Amino acid sequence: MYQTRYKPIQRLMFFWLLLIFLLWSLLPVFWTIRMSIMHKVDAFTLPPPLVFETTLNHYGDIFSKTFFGGRFFHYFFNSTTIASGATILSVALGSLGGYSLSRFKFRGDKFLAFSVIASRMMPPIAFAIPLFFLIRGWKIYDTHICLIVIYTAFHAPFATWMMKGFFDEIPIHVEEAAMVDGCSRLGAFLRTTLPLSAPGFAATAVYNFILSWNEFLFALMFTSVKAKTLPVAAVELIGEAGVEWGPMAAMGTVSVLPAIIFTLTSQRYLVRGLTLGAVKG
Amino acid sequence: MVNSLRITLTFSLSAVLLEFVIGLSVALLLDRKWRGGAAIQLIVIIPLIIMPIVVGLMWRFLWNTDWGLINYILTWIGVPMGKINWLGDPTTALFAVIVTEIWSNTPFVILVLFAGLRSLPVEPFESAMVDGASRWQMFLHITLPLLTPAIAVVLTFRTIYSLRQFATIYALTAGGPGYATSVLSVFIYHTGFRYYQAGYSGALSVILLSVTVAFGLFYFKWLYGKIEM
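Going line by line, the protein sequences match chains A and B. First residue of the first sequence? That's 1 in my numbering, and the numbers climb one at a time after it. First residue of the second sequence? That's 1 in my numbering, and the numbers climb one at a time after it.
There is no bait here: all hints are sound.
No farther apart than 20 Å at their CA atoms in a straight line, the calculated lysine to aspartate or glutamate pairs in the EDC-like style are these: (1) A:Lys-105 with A:Glu-176; (2) B:Lys-221 with A:Asp-109; (3) A:Lys-40 with A:Glu-240; (4) A:Lys-105 with A:Asp-168; (5) A:Lys-110 with A:Asp-168; (6) A:Lys-40 with B:Asp-66; (7) A:Lys-105 with A:Glu-169; (8) A:Lys-7 with B:Asp-31; (9) A:Lys-226 with A:Glu-236.
Output of the computed footprint for chain B on chain A, the stretches with three or more beta carbons under 8 Å from beta carbons of chain B: (10) 22–29; (11) 36–49; (12) 123–130; (13) 203–216; (14) 233–240; (15) 250–258.
No lab work stands behind these hints, which were simulated from the structure alone. Note that this is a predicted model, so its numbers are computed, not measured. Idealized CB from N, CA, C, for every residue including glycine.
For reference, chain A alone in the conformation it holds in the complex (with noise of 0.2 Å):
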């Protein structure tokens, strides 16, 4: 990072700039949790009220049988278990791949890698197609099983660069003292490896996390009870009559919070490994 000199005015002018960009990144979300924590005939006024009356009640409503037919628990429980599991199963994946893919050297490595990242480009629903042939040949609709394969296949290959770049920046001569003293490879690279890139690891798993917690197009197609999810639930507040607004600001509202609470323990390390390929090339 370079600095040069400002003219005050212009460094004022820049504070504002970022200050609207804030903003604009801000205001929608704000907007949905007070939208959340208001009465309808409150949330439609405009120019809207300073101040209002706060409800509980669109909480209430979500949580309740009103909406989802009361089984909203139920499908945060699904998709916690599915997000979890997919993020176990595509971490530790990720973390060998990776691993082999930082430490050694063999015939046809550079196209390995490159074939790991050129998997993310293919397109979900490209596949959607094919898939619900499987899945109803295999028997597994509306499953978690069915979700967390299909999450772990998707996402693996973003957690197996993640790790390679995070594994990338520790000192080789750290394993190799530690098999010099008599642990296996296995053995030094849990031991020290794994140990000396936990942030990186936590970050990989909380980016799993979210992107499995968030995926839309997969639940919506290969479930319909058992397995459904929070992303496809509240598509049923989308009824023939128009959106019901205070509980989708409510459910927006709870379900965001996980991601916001995972991103908040790992947020360096996120940003880090989100970015890495850009930084070294």
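Add chain B to chain A, keeping to what the hints say.
Chain B in isolation, oriented as in the chain A frame:
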């Protein structure tokens, strides 16, 4: 089909272009000392981690004709357009969808470009300073070329991911009104899972796949060509 392909390309290319311009500007703004850097970063990330389907629904409220914030703000700052039915009018629906896409994905561009800016070496700038280069010249001839890897990453992933965008569009307009916002992914979903034309839908999938791979290869070539220099 051709229509849907045209909509997809309009949607992706204009969204990515604007995301890039906004993202680069904000990354440059952030690339100086600000108090509360971590908090700013968190605010910047938030749109990125919100469920796409919720993003779509959130914005569906903002775009609303009668009680949406956007029409209100436009009237308030004095744009004499009256009440626009953003999502219901075929001429404005695609624009609204693109703006929503920009809102939710510019953070990725900012993060990557910002990290790229942070990792730039100081020396070229110092010597340019000594040689009396203007800020604009330094930006054009030093910052941009050195930032190429980050720019390539951003453009590659944003293009690929915007080509497959489904959830926000589904929540905003479900492809309508008519076919005004039916990008390929929405169109594939409709033909395959609403009208049960598996064959047609499969053929469309192949087209989407080819378009994505074509863009991907183009960027890859560009990216690796630059790095080996």
